[in-house]
Amino acid sequence: MAQDILILAEHLNGRLADITFEMTGKAKQLAAAFGGKAVGVVLGSDVGSLAGSFGADAVLYVDDAALADFNPEAYSRVLAALIKERGPRLVMIGNTSMGMDVAAGLSVTAGLPLIAYVNSLAADDGSLVATSQIYGGKIQAEAMPDGEACIVSCLAGAFPADEGRGAAPVEHIASPAPLDGLKVKFVRLIEPEGGDVDITQQAMLVSIGRGIGGQENIELAQELADALGCAVSASRPITDAGWLPKTRQVGKSGLTVKPKVYLALGISGAPEHLEGMRGAELIIAVNTDPKAPIFDVAHYGATCDMLDLVPALTEKVKG
Amino acid sequence: MNIIVPVKQVPNLTDELEINSEGDDLDHGALQYVLNEFDEHAIEEAVLAKEAAGGAVTVIGVDTTGELDSALHTALAKGADKAAKVTGEYGRGVDSHTQARLLADAIKGMSPDIVLTGVQAADDRDGQIGPMIAAHLGLPYVGVVTGVEVKEGKAVVHKEYAGGVMAEFEVTLPTVVGVQAAHQPPRYAPVSKIRQIAKTMQIEEIAGNVPSGAGSTVRRMFKPESAGHAEMWDGSPEEIAEKIVALIAEKGLLKREA
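Chains as they are written, first to last, in the numbering used here: chain A, 1 to 319; chain B, 1001 to 1258.
Since the hints were made in silico from the structure, they are not lab data.
Treat each hint with caution, since some may be false.
[Claimed, not checked] Listed below are the simulated BS3-like cross-link pairs for lysine-lysine, each with C-alpha atoms no more than 25 Å apart in a straight line:
1. A:Lys37 / A:Lys84
2. A:Lys185 / B:Lys1154
3. B:Lys1255 / B:Lys1243
4. B:Lys1243 / A:Lys260
5. B:Lys1193 / B:Lys1082
6. A:Lys318 / B:Lys1151
7. A:Lys316 / B:Lys1243
8. B:Lys1108 / B:Lys1154
9. A:Lys260 / B:Lys1255
10. B:Lys1243 / A:Lys183
11. A:Lys291 / B:Lys1243
12. A:Lys185 / A:Lys258
13. A:Lys183 / B:Lys1151
14. A:Lys258 / B:Lys1243
15. A:Lys185 / B:Lys1243
16. A:Lys318 / B:Lys1251
17. B:Lys1108 / B:Lys1193
18. B:Lys1082 / B:Lys1108
19. B:Lys1223 / A:Lys318
20. B:Lys1050 / A:Lys291
21. B:Lys1050 / B:Lys1151
22. A:Lys258 / B:Lys1251
All chains should be modelled from the sequences, with the hints used to inform the complete structure.
This is the structure we're talking about:
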């Protein structure tokens, strides 16, 4: 299977994650160019019904109790053995919470290069070209593996999911690596706690980023939100700093919001954040940096210090 | 408990990033470097773990800029006990694979109980160093972790998935953990303390000796062309505020007390 592409399927709570379909669609296109097959890899236990529910050319399904929940150590062992056995041309893994735990380690154990944060993949005259989105989304790096085989970790949302939907013939295989003596043990899933404002249900959000400067200024944003009758949300650095609860975080590792109006104040627009808010109906961004990526997704924008704007805006809203 | 924190220096993203004349890398000479923000969280989490369970924290990085000392002094001022830097012909922008090989080599002899590092860095084009260090050392790895508790030879970690869901794992030590965020915001170290530490504490130097290379080669680096761009407003904060209010009113969302 030297020209085949292995796609690591990602699933949680019995559902395939979109990244699986996204990578599969792209894999089929590349496999056709390489003259190989797009082969899905499903690791799990008792998930036979989802194993064949995406559009790969074929699916390898390892059903083992040790794989009942995502376990980075178990996944890494199985994938390393599969790569060794089958020698694929390309291994596609999500640059997601799960994928990031396995891709870089596999690169070392399998001795294959890894190109990470990939948002574009192409076959150029039979050679793979992978483009990484790095430096907070400010730079694209187009690279080629030094040898033929390679691992890529793909950003969520980089490829259309619809191309990867469909059904595939499933081949059950025994785990190609022993799964006893694991040092990592899955204990439990913790669902997000309620109680706080549900930012996904708000018609309008006053969303703040690093431009807020300090915790003492959160009050300014809250006053504006109060005047507007909406809630305050934030980008990752604000919740990481503990200035607002995690339930207010918009982005890849937080919540996806689609309000009618999204006021992005002092948010630069890292890819992690954009993923969670680009679907808003109307995006208005205010940032001191005229080149901030947030202006690429906003409908209206102004280069201005949010700390100057917010009091003026609160006053105008109050009328 | 022996806690090791490998760190990475990255370009300061608030600076304008320029591409070199060959068009295949950043113009690194023109850039300011700072410690990877996730590594700041790893340092904080390490100091918290030490405070809770006892032990010592060693912070270690590859000195790609010749300026790593100040970051290490800051880490010491925040509560790390020892600092080390890997030296050699490894310049700005050296790939993650090379840094991971160098760090794993250096850490091997330190017999860590737990290795805490930032889950990712802005320049991880060829992947994150945490899982690579783990693979080199033959240790397990769990990343995107927002809380680590160490007890009785085990680490209990909380790993973030999308949408606020978390998974709890129990890992037998020694292990490598990729920190997304510490239990509490990274603490502040007063400049006077950093200066004092710079005068009194030694940074161990370890000569690096591994070949460089990521296994892939960048043929072109460029700034993304955005599909669209906001219509930009000029004017004073008051004028901008007026325009925003008008748009909100247009959407029928202005709730003024009439």
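Mind listing which of the numbered hints don't hold for this structure, in increasing order? 6, 10, 12, 15, 17, 19 and 20
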